[in-house]
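Following the hints, put chain B in place on chain A, whose structure we already have.
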Amino acid sequence: MPQLVPFYFVNEITFTFVIITLMVYILSKYILPRFVRLFLSRTFISKLSDISKK
Amino acid sequence: MSTLSFNNISTEVLSPLNQFEIRDLLSIDALGNLHISITNIGFYLTIGAFFFLVINLLSINYNRLVSNSWSISQESLYATIHSIVTSQINPRNGQIYFPFIYTLFIFILINNLIGMVPYSFASTSHFVVTFALSFTIVLGATILGFQKHGLEFFSLLVPAGCPLALLPLLVLIEFISYLARNISLGLRLAANILSGHMLLHILAGFTYNIMTSGIIFFFLGLIPLAFIIAFSGLELGIAFIQAQVFVVLTSGYIKDALDLH
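The listed protein sequences correspond, in order, to chains A and B.
For the first sequence, the numbering used here gives the first residue as 1, with consecutive numbering after it.
For the second sequence, the numbering used here gives the first residue as 1001, with consecutive numbering after it.
Bound-form chain A, shown alone (with noise of 0.2 Å):
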């Protein structure tokens, strides 16, 4: 079973934790804050729609 070779595992568990890593920093950093600020400005325009019409 290819799986169970263990000259590679240092190798597989390397790759795993440094692209992990990288994904968790470039998301929380620039990818899902512009999500955040997306759905605030809707909800801010929506409010304010709501406040004009008021």
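No lab work stands behind these hints, which were simulated from the structure alone.
Do not rely on the hints blindly, as some may be mistaken.
Said to hold, decoys possible - Part of the chain A face toward chain B, derived, beta carbon under 10 Å: (1) Phe7; (2) Phe17; (3) Ile31; (4) Arg37; (5) Leu38; (6) Ile45.
C-beta: ideal position from N, C-alpha, C; glycine also.
Showing chain B alone in chain A's frame:
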């Protein structure tokens, strides 16, 4: 791969496990025994991360408030995982774990889907990758629990309202079940992906042999071919479900560490 020769006819016997073999694409022996080479698994993991970043760049939508079809897919993905985090962990305190849970979901989903592309490589079928994730998650949740509750975290092993006489046995059982989380979380994902790919490979080999046997068998082979297509659809579903199950269980383990029970 073993080769059998009968009367000058060479037949290659392909094992269904051959598709999971790790190969060196670029050997780097700079670190001695550590063997940090560019292998096919590393290559496909990198492609997965790159692919996700490209999708995100494509769905930027120039920061417009009204979504287009690219950005609406990302927004619905965000909303789905956000609802998992808020419902499973905590609507208020759970938000801090959202980037990690989101990354985990994307990482598993993309690598499951890349594995579905014919002649590519299923990285999530490797037990070492999934066990590395699951052991890290359970260890992290345990450290989080000790950090938040101190020694009171051990009350996680004591079921509420259990009789005193049964306590040692129940604590032992709870402790074993807590340790089993490490194995079950990683094993579930890898075993599902591994079995699905092996099933498709065996069915495909079987169908190929039938369809190349003659003109009648070619049409007869359309029946197992239909099964292969149906199973491919099922595997696509499993790719999504397993990513979700992994993330839901991770959120549950973090919730256990934060709130005890």
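Structure-based check of each hint:
Residue-level restraint check for A/Phe7 holds (minimum Cβ-Cβ distance to chain B is 7 Å; threshold 10 Å). With a cut of 10 Å, the hint placing A/Phe17 at the interface with chain B holds, because the nearest CB-to-CB distance is about 7 Å. Checking A/Ile31 against chain B: minimum C-beta separation of about 5 Å stays under 10 Å; hint holds. At its closest, the beta carbon of A/Arg37 sits 8 Å from a beta carbon of chain B; the interface hint therefore holds under the 10 Å criterion.
Annotation: interface hint on A/Leu38 holds; nearest CB of chain B at approximately 7 Å, less than 10 Å. Hint on A/Ile45 holds. Least Cβ distance to chain B is approximately 7 Å, under the 10 Å limit.
In summary, this structure violates none of the numbered hints.
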